[in-house]
Structures are given as structure tokens and as C-alpha cells.
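Chains as they are written, first to last, in my numbering: chain G, 35 to 243; chain H, 35 to 243.
Derived by calculation from the structure, the hints in this document are not laboratory data.
Source: prediction; values computed, not measured.
The reader is advised that the hints may include incorrect statements.
Pairs of lysine to aspartate or glutamate residues, derived as EDC-like cross-links and limited to a Cα-Cα distance of at most 16 Å, are as follows [stated by the list, open to error]: (1) G:K110 with H:D85; (2) H:K239 with G:D115; (3) G:K140 with G:D115; (4) G:K140 with G:D60; (5) G:K239 with H:D220; (6) G:K42 with H:E231; (7) H:K140 with G:E231; (8) H:K42 with H:D85; (9) H:K140 with H:D60; (10) G:K239 with H:D115; (11) H:K239 with G:D220; (12) G:K140 with H:E231; (13) H:K140 with H:D115; (14) H:K42 with G:E231; (15) H:K110 with G:D115; (16) G:K42 with G:D85.
In silico negatives: residues of chain H with every beta carbon more than 10 Å from chain G [claimed, not checked]: (17) R73; (18) P153; (19) V165; (20) G204.
Beta carbons: idealized from backbone N, C-alpha and C, even for Gly.
There are 2 protein chains.
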Amino acid sequence: MDNKEISKAVINRLPRYYRYLGLLMDQGIERISSGELSRQMNVTASQIRQDLNHFGGFGQQGYGYNVRYLYTEIGKILGLDQTHNMIIIGAGRLGQALANYVRFEKRGFLVTALFDRDPEAHGSRTERGTVIHPLSELGSYLDENRVDIAALTIPTEAALEVTPILTGHGVRGIWNFAHTDLEVPDGVAVQSVHLSESLMQLSYKINHQ
Amino acid sequence: MDNKEISKAVINRLPRYYRYLGLLMDQGIERISSGELSRQMNVTASQIRQDLNHFGGFGQQGYGYNVRYLYTEIGKILGLDQTHNMIIIGAGRLGQALANYVRFEKRGFLVTALFDRDPEAHGSRTERGTVIHPLSELGSYLDENRVDIAALTIPTEAALEVTPILTGHGVRGIWNFAHTDLEVPDGVAVQSVHLSESLMQLSYKINHQ
Numbered sequence: 035m036d037n038k039e040i041s042k043a044v045i046n047r048l049p050r051y052y053r054y055l056g057l058l059m060d061q062g063i064e065r066i067s068s069g070e071l072s073r074q075m076n077v078t079a080s081q082i083r084q085d086l087n088h089f090g091g092f093g094q095q096g097y098g099y100n101v102r103y104l105y106t107e108i109g110k111i112l113g114l115d116q117t118h119n120m121i122i123i124g125a126g127r128l129g130q131a132l133a134n135y136v137r138f139e140k141r142g143f144l145v146t147a148l149f150d151r152d153p154e155a156h157g158s159r160t161e162r163g164t165v166i167h168p169l170s171e172l173g174s175y176l177d178e179n180r181v182d183i184a185a186l187t188i189p190t191e192a193a194l195e196v197t198p199i200l201t202g203h204g205v206r207g208i209w210n211f212a213h214t215d216l217e218v219p220d221g222v223a224v225q226s227v228h229l230s231e232s233l234m235q236l237s238y239k240i241n242h243q
Numbered sequence: 035m036d037n038k039e040i041s042k043a044v045i046n047r048l049p050r051y052y053r054y055l056g057l058l059m060d061q062g063i064e065r066i067s068s069g070e071l072s073r074q075m076n077v078t079a080s081q082i083r084q085d086l087n088h089f090g091g092f093g094q095q096g097y098g099y100n101v102r103y104l105y106t107e108i109g110k111i112l113g114l115d116q117t118h119n120m121i122i123i124g125a126g127r128l129g130q131a132l133a134n135y136v137r138f139e140k141r142g143f144l145v146t147a148l149f150d151r152d153p154e155a156h157g158s159r160t161e162r163g164t165v166i167h168p169l170s171e172l173g174s175y176l177d178e179n180r181v182d183i184a185a186l187t188i189p190t191e192a193a194l195e196v197t198p199i200l201t202g203h204g205v206r207g208i209w210n211f212a213h214t215d216l217e218v219p220d221g222v223a224v225q226s227v228h229l230s231e232s233l234m235q236l237s238y239k240i241n242h243q
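Build out the structure end to end from the sequences listed, making use of the hints.
Here is the structure:
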């Protein structure tokens, strides 16, 4: 299988397949037809067949999909067979909410440290015991520790200041909650969660249906 | 202008246009060419012309776009010329983070109440003074107060339980942070923020670039 042939749209749908396949495994279901998966996921069976054909066409007529195999393969595509060390910049409510989200750790995303500007927070720990460091120590921390992902739960200006420090010290993934786009060098990935924009999309839907 | 002609893809891009046009207004910029907007937003000028043509084609050769007019029109399409009352179900860290997000209020989304199962939280207030109510009072609250949007910052099972109460009492928009899809009647809009899935998409990007 050649990953490069998989379109961005399919990739964006993979986490949802992964979630549903995980639910099926939790229920002890070993195989499922595209028709049944289609009903549960509320997408067309032909969409499912098209999407999952990228992963080797192991849906067989009269058998359906092998749930565990598909779950494992999609997990590998998404990089979930590896662990990722994640730091969180901004130990406010959102940062602490992310730091305590058990589900991330189950998927191999380990929150190893938080950073904050507020001197009162320094040296304290999150509910799960992760230490909050001064933001001024970010560079030296990155030199001494492997960090794959930095989540930015800080305002726009702070995010723009911190990003070059992160990328300059080898962080390859930025999970951006700030209300701005970020410019990063080639080889660095950014995934943004723009909450205001999500709320505006909801507002549009409410006002046009 | 007929809103129904605007594709979902364009709608999904509107909040980002709105954000950039707001930044331009803050800088006192009254008009902008599609080329300059293209450079700032890092999308092609032809995409911008195509998208913004839906809103009356007021980009004029040699003049460019009138920033304030476009900002206002897009705001209307998104329903931001109206206020929306929003409640938050789940007064944990994420719920409280949303409740204290000043930007939402600027856009007309007013957080009027939070609800939580935890008796210790009842009657207490968020930093901004919004009261946290017992979840058992949700139905009667909805009968007595106009609520347009409910944000669900609770686990899957609780979200599935609460959703029919919300829709049964006339809530037309659900902003879903639970790790599940929600089934709702016609006329109710759901916008989901699946944080785990966003993180998986980042993981994919890191591992494939």
C-alpha cells in the first residue's frame, strides 16, 4: 500500500473509522459488512468501500471487514503504533483540561510537561502529576528532552512568539488552539483547533436549516 | 444572493475570511485586492475570487474588496448579527474554559448558565460570574429561558443522555465535545469538536511528511 495515494479527505475520515472500529472491538465484534458499518456510521456503503479499499481491499464478499485488522492498520497509518511526547504551552483551564485527558495517553500521546508564563504556576503540578515549568525554560527543556508535539493553549501573540522557539528546537508537530494561523518551516506539521470558527459554523447551520 | 447556492466547503472557509477581514479592520485597512488577501491567507487568489463572488461580486477591478462591507456580509451569513444564548453542560476544566472565553461574547454568543452533575459545583460561579446549576434542573431551565446553543463538555454516555432533553426542550444547536456522534431530530444542528481525532490527524501529518 502506498500512503501517498491516499487523499487528504480520506485521511481526515480515518480517525472516525478508527473510533467506530474501536467501539466494535469493545463489543467483541470480529467482522462487519460495509452495509452494517455504513448504517452505524451514517455514511454510504460505497464511500466506506472506497475509503477502506486504500488499505488493501480486505473487505471480502460474504465476509465483510476484519475489525481488528482494519483497526490496527488504520492505527499504523495514523502513527498510533508509536508514542508521542507532548508538551502543553499554557497551563490555563484549556491546557489543564488537555493535560488530564486520559484518552490521549491511551492513544500513545504522553503529556510530559506544561509551560506557563505565570510565576505562581511554576513548580506546581496538574491533577495527574505533570509539572508546570516556567516558559523561560522552554528552550533548555527542548534541548534535553524529546518532544514530538507542542499544544498551544495561549493567546495569539504568545503563540506567534513561541512557535519559532519550538520549531528551532526540533518540535515537528504543533497542535494550535490559538486564534491565528502559524507559519512554520517545511517538515513541521500544524493542526489547528479554532474554537471560535467552529462555533460560527454551528451558528450558520442553526440559521440556515 | 441565495444562500442555498453556497457550498458547504465555502461555508467552512467563511469563518477564516471573517477572522482575516476583522484583522484588516483592526489595522484600519478599508480595501484589499484578492492578490494581497491571497498572500496573507495563503490561499490562491482565484479561490478567494470564487469564494467571495458568492457574496455579490463586490470585488472590483482596480479597487479590490471593501473590507468592512465584506466583513459585515459574511457576519450576517454566519448569523453573527444576532445574539445566541449558550449553556454549557459540564463545568469541568473544558466547560469552564469555554465559559470564560471572552471572544465568544464579542461574537454574540452569551454563556447564560452551566450545568453539572457534581453537587459540590452547584450554586458556585465561573470566574465571569455565570452560575453552575444542577443537571437535574436542565429541563425546567430550558422551559423558562431561551437557549439557542448547548455546548456538551461531558463524557460520551452523559452526552447521549442529555441530548434528547435538549432537543425535546427546543435547543436547536449542539456544540459537541464528547467523543461520540449524536443523533438529533431534523431542524437541530450539531457541530462536533473531536479533540482526539484532531490529535490523530496531527500524528498522521508528523509521520508522513
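Going down the list of hints, with the structure as the test:
1. Between G:K110 and H:D85 the CA atoms are separated by roughly 36 Å; this puts the pair beyond 16 Å, and the hint is violated.
2. Note on H:K239 and G:D115: the hinted pairing holds, with a Cα-Cα distance of about 14 Å set against a maximum of 16 Å.
3. Taking the CA atoms of G:K140 and G:D115, the gap is near 11 Å; set against the 16 Å cutoff, the hint holds.
4. Distance check on the hinted pair: G:K140 and G:D60 sit about 14 Å apart at the alpha-carbon level, within 16 Å; holds.
5. Our distance criterion of 16 Å between C-alpha atoms is met by G:K239 and H:D220, whose separation comes to about 12 Å.
6. The hinted pair formed by G:K42 and H:E231 meets the criterion: a straight-line CA distance of about 14 Å does not exceed 16 Å.
7. Distance hint between H:K140 and G:E231 is fulfilled; the C-alpha atoms sit about 13 Å from each other, no more than 16 Å.
8. For a cut-off of 16 Å, the pair hint linking H:K42 to H:D85 stands: about 11 Å separates their Cα positions.
9. With a CA separation close to 14 Å, the supplied pair H:K140 and H:D60 stays within the 16 Å bound.
10. This hinted pair checks out: G:K239 and H:D115 have alpha carbons roughly 14 Å apart, not beyond 16 Å.
11. With a C-alpha separation of about 12 Å, the suggested pair H:K239 and G:D220 falls inside the 16 Å cut-off, and the hint holds.
12. For the hint pairing G:K140 with H:E231, the CA-to-CA distance comes to about 13 Å; that is within 16 Å, so the pair holds.
13. The suggested pairing of H:K140 with H:D115 holds, with an alpha-carbon distance near 11 Å, which does not exceed 16 Å.
14. Between H:K42 and G:E231 the CA atoms are separated by roughly 14 Å; this keeps the pair inside 16 Å, and the hint holds.
15. Taking the CA atoms of H:K110 and G:D115, the gap is near 45 Å; set against the 16 Å cutoff, the hint is violated.
16. Distance restraint check for G:K42 and G:D85: the Cα-Cα separation of roughly 11 Å lies within the 16 Å cut-off, and the hinted pair is therefore satisfied.
17. Every C-beta of chain G lies more than 10 Å from that of H:R73, the closest at about 12 Å, which supports listing it as non-interface.
18. Remark: the non-interface label on H:P153 is consistent with the geometry, its nearest Cβ contact in chain G lying 20 Å away (cut-off 10 Å).
19. Distance check on H:V165: its Cβ is at least 18 Å (rounded) from any Cβ of chain G, clearing the 10 Å threshold; non-interface status holds.
20. Against the 10 Å criterion, H:G204 stays outside the reach of chain G, whose nearest CB is about 12 Å from its own CB.
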